[in-house]
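**Q** Work the whole structure out from these sequences, hints included.
Residue numbers (the working numbering), protein chains in the order written: chain A, 1 to 112; chain B, 1 to 113.
These are computed hints drawn from the structure, not numbers from a lab.
There could be a bad hint or two in this list.
What the simulated footprint calls covered on chain A by chain B, stretch by stretch (three residues with Cβ under 8 Å from a Cβ of chain B suffice, anywhere in the stretch; the number is not a length) [stated by the list, open to error]: (1) 10-23; (2) 42-54; (3) 101-111.
Yeah, the Cβ is synthetic: ideal placement off N, Cα and C, and Gly gets one too.
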Amino acid sequence: KNQVEQSPQSLIILEGKNCTLQCNYTVSPFSNLRWYKQDTGRGPVSLTIMTFSENTKSNGRYTATLDADTKQSSLHITASQLSDSASYICVVSEDRDDKIIFGKGTRLHILP
Amino acid sequence: DVKVTQSSRYLVKRTGEKVFLECVQDMDHENMFWYRQDPGLGLRLIYFSYDVKMKEKGDIPEGYSVSREKKERFSLILESASTNQTSMYLCASSLWGVQETQYFGPGTRLLVL
Chain A
1 KNQVEQSPQS
11 LIILEGKNCT
21 LQCNYTVSPF
31 SNLRWYKQDT
41 GRGPVSLTIM
51 TFSENTKSNG
61 RYTATLDADT
71 KQSSLHITAS
81 QLSDSASYIC
91 VVSEDRDDKI
101 IFGKGTRLHI
111 LP
Chain B
1 DVKVTQSSRY
11 LVKRTGEKVF
21 LECVQDMDHE
31 NMFWYRQDPG
41 LGLRLIYFSY
51 DVKMKEKGDI
61 PEGYSVSREK
71 KERFSLILES
81 ASTNQTSMYL
91 CASSLWGVQE
101 TQYFGPGTRL
111 LVL
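**A** What follows is the structure, encoded as structure tokens:
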């Protein structure tokens with residue numbers, strides 16, 4: 001069964017610190033993986049997209065990694081800011097049935 | 001910039017009422033989607049549409065219907081609202097495929113009493 005598991009469910013860190021969010025998937029055949037950021041009360045916004053051949057992709061202070069062999073991705077946030085407080089959702093695309101599978105998200109709280 | 005708007009941010013309805021949620025996108029996208037988002041369950045696809053007057057069931061279509069009469073507009077209809085349809089409803093659009101980046105609206109928080 002195609003699944004996307006994210007960890008941790010929630011995370012609290014101090015402003016200025018770094019953090020890493022995890023996404024493990026069993027989706028096959030794999031097409032691509034996206035990370036979305038969802039601020040409270042708003043819709044998700046795409047941060048990065050990675051295909052099979054890509055290992056790392058950055059978007060400002062956000063860096064996503066992908067290991068297609070172990071079917072794991074991570075989202076690293078550097079020098080966190082209060083505005084990083086949000087839910088981060090991992091979404092994996094499956095190529096055979098043209099479907100996407102959403103993870104349940106990691107809720108990140110940045111404390112001043 | 002793609003803009004996806006939803007007709008209401010908050011909505012309160014009574015059990016049995018017919019509810020219309022409307023979504024409009026301004027970037028000529030082919031695909032439009034309706035999701036619901038519940039705590040602990042993440043986003044779940046209700047219906048999507050890949051063209052005008054075309055629709056496909058998602059993972060949880062029961063109790064919902066949709067309408068796409070114009071390319072920019074996609075409506076979600078709750079024929080007879082029930083309390084278990086209390087949720088956050090998110091509309092999204094993408095240029096031409098399910099696997100493309102989706103652009104989301106701000107969401108409608110629906111409470112069914």
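**Q** Tell me, in ascending order, the numbers of any earlier hints that this structure violates.
**A** 1
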